[in-house]
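Visitor: Turn these sequences into a full structure, and let the hints steer you where they fit.
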Amino acid sequence: MTVCENSYFHAFSNEKIGKNAIFGAISYMHAHAIIYMTHISKNKLEGLPRRLFKVLPYFLAVLLWVILATYGQYFLKKVEDLSIFMFDWQYFKEAIQIPGGFLGVAGSFFTQFLYLPWLGSLIWVFLLLTTYQLTVKAFKLSEIFKALAIIPVALFIIGNMSLGYGVFIMREQDHFFAPLLGYMAALIPLFAIRHIKTFGNKIILLVLWTAIGFPLFGTFALIGTLSASCVTLMNQEILRGKRLSILVVSIALIILIPLIAYNFFTSYRLADSWHLGLPTISEDVWTHAIRSPLQLALLFLPVMSLISSRFKENSKSSKSIIIQVSIYIISIAAVWIFWFKDDNFRTELAMSEAVDRFEWQKVIDIYQDAVNSHAKSDAKAYADRTAKLKGVKNQNTINEIVDSYNDRFFEPTRTMVIYRDLALLKMNRALDEAFTMKDGGRPQNSRTQIPMVFQSGKQLYLQYGLVNMSYRWCLEDVIEHSWSYSTLKYMAMHCIIMQESDFAYKYLNKLNKTIFYRNWAKEQMALSCDSALMSISKPYEEILPYMCFENRMSNDMMKSEKFLMQHFSEPEPPHATPEYDRAALLWAMRTQNIPLLWQRIIPYLISNNVSVLPRGVEEAAFLYSSLEKKGIELPYSKEVKDNYDAFNRYVNSNPIRNMKEAAYPYAQKFGNTFFYYYYFIRNLQTY
Amino acid sequence: MKKLSIPALAMLFVACSPKAPATYSTANSVPTIFPDYTDITIPCNIAPLNFLIEEQADAFITVLKSTSVEIVIKGSEVRIPKSKWNKLTNAPEISVQIFGYTDKQWTAYKPFKMTISDEIDPYISYRIIPVAVEAYEKLSIHQRSLTSFKENVVFANTMVHNNSQGTCINCHYYRNWETDNMLFHVRQYKGGTVLVLNGELHKVNMKTDSTLSAGVYPAWHPTHDYIALSNNRTHQSVHAASHDKLEVLDDISDLILYDIKNNTVSVIENDSCELENYPAWSADGKKLYYVSYRYEGGYGDKRKNEMFLAREDFHFNLYSKSFDPDTRTWGPVVMEYDAAAVDSSITWPRVSPDGTKLLACISTHGVFPLDQIVSDYIMFDLTSGSYRHVDELNSPFAESYHTWSSNGKWIVFSTRREDGVHTRLYFSHIDENGRFSKPFALPQRDPEFNREFLYAFNIPEFMKEPVHISPRQFASFISSTEATRSKYESKREK
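So the sequences go chain by chain: A and B. Reminder that position 224 of the first sequence reads as 224 in this note's numbering, one-by-one numbering, no gaps. Reminder that position 56 of the second sequence reads as 56 in this note's numbering, one-by-one numbering, no gaps.
Because the hints were derived from the structure by calculation, they are not lab data. Be a bit skeptical, because a hint or two may be false.
[Claimed, not checked] Partner residues are not named here, just some residues of chain B that face chain A (Cβ under 7 Å, in silico):
#1 Ser-76
#2 Ala-135
#3 Ser-164
#4 Ser-237
#5 Ala-241
#6 Glu-452
#7 Ile-469
#8 Arg-472
[Stated by the list, open to error] Restraint ranges, calculated between C-beta atoms of paired labels, are given here:
#9 A:Thr-448 with B:Asn-305: 56 to 62 Å
#10 A:Arg-447 with B:Asp-58: 55 to 61 Å
#11 B:Val-334 with A:Lys-562: 31 to 37 Å
#12 B:Val-342 with A:Arg-447: 52 to 58 Å
[To be verified] Below, simulated EDC-like cross-link-like pairs (lysine to aspartate or glutamate); rule was C-alpha separation at most 16 Å, straight line:
#13 A:Lys-513 with B:Glu-452
#14 B:Lys-464 with B:Asp-118
#15 B:Lys-261 with B:Asp-225
#16 A:Lys-513 with A:Glu-237
#17 A:Lys-93 with B:Glu-70
#18 A:Lys-513 with B:Glu-448
#19 B:Lys-113 with B:Asp-36
#20 B:Lys-438 with B:Asp-36
#21 A:Lys-93 with B:Asp-446
#22 B:Lys-286 with B:Glu-493
#23 A:Lys-93 with B:Glu-452
#24 B:Lys-304 with B:Asp-225
#25 B:Lys-138 with A:Glu-94
#26 B:Lys-321 with B:Asp-271
#27 B:Lys-84 with B:Glu-70
#28 B:Lys-138 with A:Glu-480
#29 A:Lys-426 with A:Glu-480
Where a beta carbon is used, it is the ideal one built from N, C-alpha and C, also for glycine.
Guide: Dropping the structure here:
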């Protein structure tokens, strides 16, 4: 017990609270359960569980809040970033053009508070607690069976926190709060029908609720109707015939009201009528996955309506206690298992937020923290793998063993690397430092690969001066998914940099109707009317130098990294700026194309008036000269030459039988050189 | 008590009603209002022209006056009640006087007027579309009453497509402004051309083995059961850094004739080196106008990219072909206007209902004026053969799709004049001398609508009546009906 408590508190005292904290909490819960089931004497069973079950939901709520506000903060911020709520009549009108639209508006209203993750998560946790309490009340659960009410709460947590990369391709961005609010709305008829005595009035209630509720709450209203009729069905005080009639009426309403409503709406297919209000992802497989916990939570209502009478009386048997403890353990374990806990995803989100704020040093710090935090686990993985490989001679077996250890080594995603390079470029450190940092291309840990352009396209293109491409991806995002604070912001920045002030007004005016972006919009309005001020303000002063290229037609085919490589491989623009030349040289080095480096290096040297070559450039030039036995004579430093010799000596003394196997020991010695990048970071899949 | 209170309330109401100030100074300038409705000609049956006053003042009073009625409205947002507006428009003109209150005194801005003119068709329809994108998740064709603010959806693609299979809808068109005979195209999922023939729904696939694609830009024959359509293979590309956002071009395009009665398709023009496009019938249906550009570049994979590179050389000329609708035979190609000779490109020809005028778009290059920074109007007098640039309609931004009203007195056109990007609908009256009046924006209940609305209006078409088929009927039909394949028939030439 002490050990568990200590590990829990230790986890909280650590700044990197997330994973450890959850693990600590789970361990803590587990310990409790075991103690109850094995050691507690029967005498103690009466008092302790009651007190524990009273406190436990609040304790878990606080724990959840702390985890969300710390470990989950970047995800929550991204959810908010990709959502929209405006105090705007047109927004409201557009939103309610679908049954369940009102729920969407309400969900979006709360989602805006995720701008401050601690506040938004506090509201969400409060609503989860309210859901728990309402469920207890709705089914009149006795003290000892209250644990049942934790089931829908756990399912809603899973619904949100299992989303992962799906957040970038959600069709509606109200998903974080809307289903929870929908569930609460579905409880309304359940409460109401109990207070109505006459058969006729019960029918009227169901008709009115379904007819009014469906346009407002979509499917959730239908679930409310079904649950209310199930409650009545189990009410033995009402005549059987009447109970059955109510069930028949409610089923008829569930079928007919959506059919009738379809005549008044034009924004969905008839076939979709019975799941309006549930979140949709543009990939069908993903939609099913994300809807499943929510559908289970909704199914909970009619099922509980049918069986809740069994849980109204207090039971003090140890069996009941074991059941309650099991429900808690299973719920918490399910949340833990389905919670998307991918380090690279979290790092990407954190870097993305820093890019949005143009905090370039922070971008690099986040990246380096991610690399450093895996140093020990990488070393352990290497040691384990070396032990496993000991004595193995067969090449196929070696390859298999090496491959089986791949996932245990840290490798950044391309998005992380590209964010990092962007930040380094903005601080004029890229050519010195880009190749001193860990590189790679670990695929996203997601059901389907989300194109990088959905994730970071608008940011990267804007920052690299490809402003129309940024604008285009904002719009594609709007059409494929929905309007968001993020798209409005980037569209406004595009218009400002293009000095299209009337056009910028459109987007800034919308942001002016929000709570958290109002001030930003006002600042930008001033810049949109003053190009001189704009050109010396962030982020524009850092973007304008990249816009020196001649306009050309372009299509990225949804592959933003490849497109950026192509863009910077185009012939040197006549009025290239030092910033552009630095970016072009960096991207040339990224292509590992030797002639391209030679093409780019001279304009760079001239425009940047370089006296000392940046380390990465020097290493690349020296390596390429050595490989080609020709090249440009540059004043290579002794350090670079010695390093290259050392690299070659190491290669000779450590023959490589498998590149992946060799990567770790080589990286330990030469991971901070272009030589390592050239030989070991190859054939990366771009997306 | 009741008898007393009603007159008392009436008196109170009158006392509270705004009045024009008795004393004021005068300003020499016409006030800035949005939309700009100053000194315009308007149809006698148009909906109230609500507007915003965009001058600096603490308070405003607007007086709208015609021979029979005077309305006084307080505030910077001028929303005119429909019943009073109807009385105002029942006169030859409306004079509008705006007063602004600053520094404890009223100033009268220079008054402006709205001249009341010919009736306009009571409905228009248009497509609501996001700007400059390839995705088509949410597209809808709307119809709007011009005599009121009532707008409803004719059809929306969201009613048909599912999460993974998209449907694009485009190019709605009516035969002689009547909705009993209309069409629009559905692409991709559940695709086909939806034809309404005498109120009955049909779905046709006009793609044959001998033609390039299904029909695209349509022109319904005014007297016979034919529809001329273009066949296009369209591509889009983004301008990396330019005020132009998007470039659209066809790497191949032809013209076909669809015979409605026999469900057959025949070629009108399909020269492999010519990019024929935008068919438009003369008023009597005996001539087909279209535009074309001769491109002799290579074929294959690189064609599209080469064409994007050479896009600024694409100068489309105006051509015509005579047509005998009874025998369905075509005459030779005649060049009507050599736009290339003046480094221009002509697109979207539309002939007036009386057959005397042809209005078209003219831009520096290309086939898709909507996505050019500048595209203007050029009008041809078909009786004399003369033409002129219609400066009274043109703005510094792109003017694009336009349609004549059924009485030939009005045009509606889409223009980017408000913010340079979002197309908005404007109307203009043409007088007996062929001069257009100052264009004015489609009236909206909320005068700020055009500024707030984040989508574009596209393909405005006048209608004498609303579409009677409900969106649900369209959706159910499109979802459940397979398109009937058209048969190919060879072209008949004189």
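Visitor: All hints are to be evaluated individually against the structure, with a verdict given for each.
Guide: Hint check:
no.	hint	verdict
1	Ser-76	16 Å, violated
2	Ala-135	4 Å, holds
3	Ser-164	5 Å, holds
4	Ser-237	4 Å, holds
5	Ala-241	5 Å, holds
6	Glu-452	5 Å, holds
7	Ile-469	13 Å, violated
8	Arg-472	6 Å, holds
9	A:Thr-448 with B:Asn-305: 56 to 62 Å	29 Å, violated
10	A:Arg-447 with B:Asp-58: 55 to 61 Å	59 Å, holds
11	B:Val-334 with A:Lys-562: 31 to 37 Å	48 Å, violated
12	B:Val-342 with A:Arg-447: 52 to 58 Å	57 Å, holds
13	A:Lys-513 with B:Glu-452	11 Å, holds
14	B:Lys-464 with B:Asp-118	15 Å, holds
15	B:Lys-261 with B:Asp-225	7 Å, holds
16	A:Lys-513 with A:Glu-237	53 Å, violated
17	A:Lys-93 with B:Glu-70	34 Å, violated
18	A:Lys-513 with B:Glu-448	15 Å, holds
19	B:Lys-113 with B:Asp-36	12 Å, holds
20	B:Lys-438 with B:Asp-36	10 Å, holds
21	A:Lys-93 with B:Asp-446	13 Å, holds
22	B:Lys-286 with B:Glu-493	14 Å, holds
23	A:Lys-93 with B:Glu-452	13 Å, holds
24	B:Lys-304 with B:Asp-225	35 Å, violated
25	B:Lys-138 with A:Glu-94	12 Å, holds
26	B:Lys-321 with B:Asp-271	14 Å, holds
27	B:Lys-84 with B:Glu-70	9 Å, holds
28	B:Lys-138 with A:Glu-480	8 Å, holds
29	A:Lys-426 with A:Glu-480	31 Å, violated
Checked against the numbered hints given earlier, this structure breaks hints 1, 7, 9, 11, 16, 17, 24 and 29; the rest are met.
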